[in-house]
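If you read the sequences in order, they're chains A and B.
For the first sequence, position 107 (counting from the first letter as 1) is numbered 234 according to this note's numbering, and the numbering increases by one without interruption.
For the second sequence, position 63 (counting from the first letter as 1) is numbered 72 according to this note's numbering, and the numbering increases by one without interruption.
Take these hints with a grain of salt, some might be off.
[As the list claims (entries may be wrong)] Restraint-style ranges between C-beta atoms, simulated for each label pair:
no., chain 1, residue 1, chain 2, residue 2, range
1, B, G72, A, G187, 35 to 45 Å
2, A, L146, B, K79, 23 to 33 Å
3, B, M36, A, Q178, 25 to 35 Å
4, B, P48, A, N149, 17 to 27 Å
5, A, E183, B, P92, 29 to 39 Å
Hints were generated in silico from the structure; no laboratory data involved.
The beta carbon of each residue, even a glycine, is placed where N, CA and C say it ideally should be.
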Amino acid sequence: KQEVTQIPAALSVPEGENLVLNCSFTDSAIYNLQWFRQDPGKGLTSLLLIQSSQREQTSGRLNASLDKSSGRSTLYIAASQPGDSATYLCAVRDGGYQKVTFGTGTKLQVIP
Amino acid sequence: NAGVTQTPKFRVLKTGQSMTLLCAQDMNHEYMYWYRQDPGMGLRLIHYSVGEGTTAKGEVPDGYNVSRLKKQNFLLGLESAAPSQTSVYFCASHPLEVLFYEQYFGPGTRLTVT
Numbered sequence: 128k129q130e131v132t133q134i135p136a137a138l139s140v141p142e143g144e145n146l147v148l149n150c151s152f153t154d155s156a157i158y159n160l161q162w163f164r165q166d167p168g169k170g171l172t173s174l175l176l177i178q179s180s181q182r183e184q185t186s187g188r189l190n191a192s193l194d195k196s197s198g199r200s201t202l203y204i205a206a207s208q209p210g211d212s213a214t215y216l217c218a219v220r221d222g223g224y225q226k227v228t229f230g231t232g233t234k235l236q237v238i239p
Numbered sequence: 010n011a012g013v014t015q016t017p018k019f020r021v022l023k024t025g026q027s028m029t030l031l032c033a034q035d036m037n038h039e040y041m042y043w044y045r046q047d048p049g050m051g052l053r054l055i056h057y058s059v060g061e062g063t064t065a066k067g068e069v070p071d072g073y074n075v076s077r078l079k080k081q082n083f084l085l086g087l088e089s090a091a092p093s094q095t096s097v098y099f100c101a102s103h104p105l106e107v108l109f110y111e112q113y114f115g116p117g118t119r120l121t122v123t
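Let's have the full structure, built from the sequences with the hints guiding it.
Have a look at this one:
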């Protein structure tokens with residue numbers, strides 16, 4: 128059974144700092160991995176989707192990397208801003224089209 | 010496009026009452042999902058559908074039923090609500106080519122069962 132872990136559960140950084148969020152998974156036979164952002168009381172917004180054959184994806188100040196063999200993905204946020212404060216979730220798709228396993232998220236606070 | 014919408018946004022039920030949550034998407038997606046999100050547990054799949062007229066059980070289906078009579082709508086029903094079903098419910102959808110497309114989520118329905 129796939130297990131997805133995100134550590135730390137919460138992170139507080141000063142504005143302008145570069146930071147890395149971690150996601151680890153136990154079964155490396157994945158189709159893809161997706162990073163989401165969730166604001167309090169809101170739904171999930173997709174940030175980046177990495178296919179199993181890819182090593183990284185970039186969107187603006189965000190860069191996500193994937194190392195299947197070690198079961199790890201990182202989300203790099205450059206020059207953090209208070210507006211980046213949210214919970215970040217990773218989700219791994221494996222074992223069939225319906226099987227997506229979510230991590231419990233990292234709650235990020237960027238302090239002005 | 011409105012994307013994925015959910016109705017209602019909030020609801021309070023008493024134990025034993027029934028209700029239906031509606032998810033609608035206007036992106037012509039084949040796949041639709043219902044998840045629940047509970048503190049410290051991440052999102053868990055309740056039921057899903059791979060197309061109009063089809064449904065299947067997910068990880069935590071007990072106490073819920075679903076229907077997909079129209080491609081754009083996916084309904085989640087609670088026949089006899091229990092306090093353990095207090096949660097935030099999210100609907101998601103994506104196209105048939107699952108390997109290359111991201112999931113799109115609705116804004117959620119916050120349900121409290123007293």
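Checked hints:
Under the hint 35 to 45 Å, the C-beta atoms of G72/B and G187/A, about 41 Å apart, fit the expected range. Look at L146/A against K79/B: about 44 Å separates their beta carbons, and that is not inside 23 to 33 Å. A hinted range of 25 to 35 Å is violated for the C-beta pair M36/B and Q178/A, which are about 20 Å apart. A hinted range of 17 to 27 Å for the beta carbons of P48/B and N149/A is consistent with their spacing of about 21 Å.
Range check, E183/A to P92/B: about 44 Å between beta-carbon atoms, so the 29 to 39 Å window is missed.
Of the hints listed earlier, those the structure fails to meet are numbers 2, 3 and 5, in rising order.
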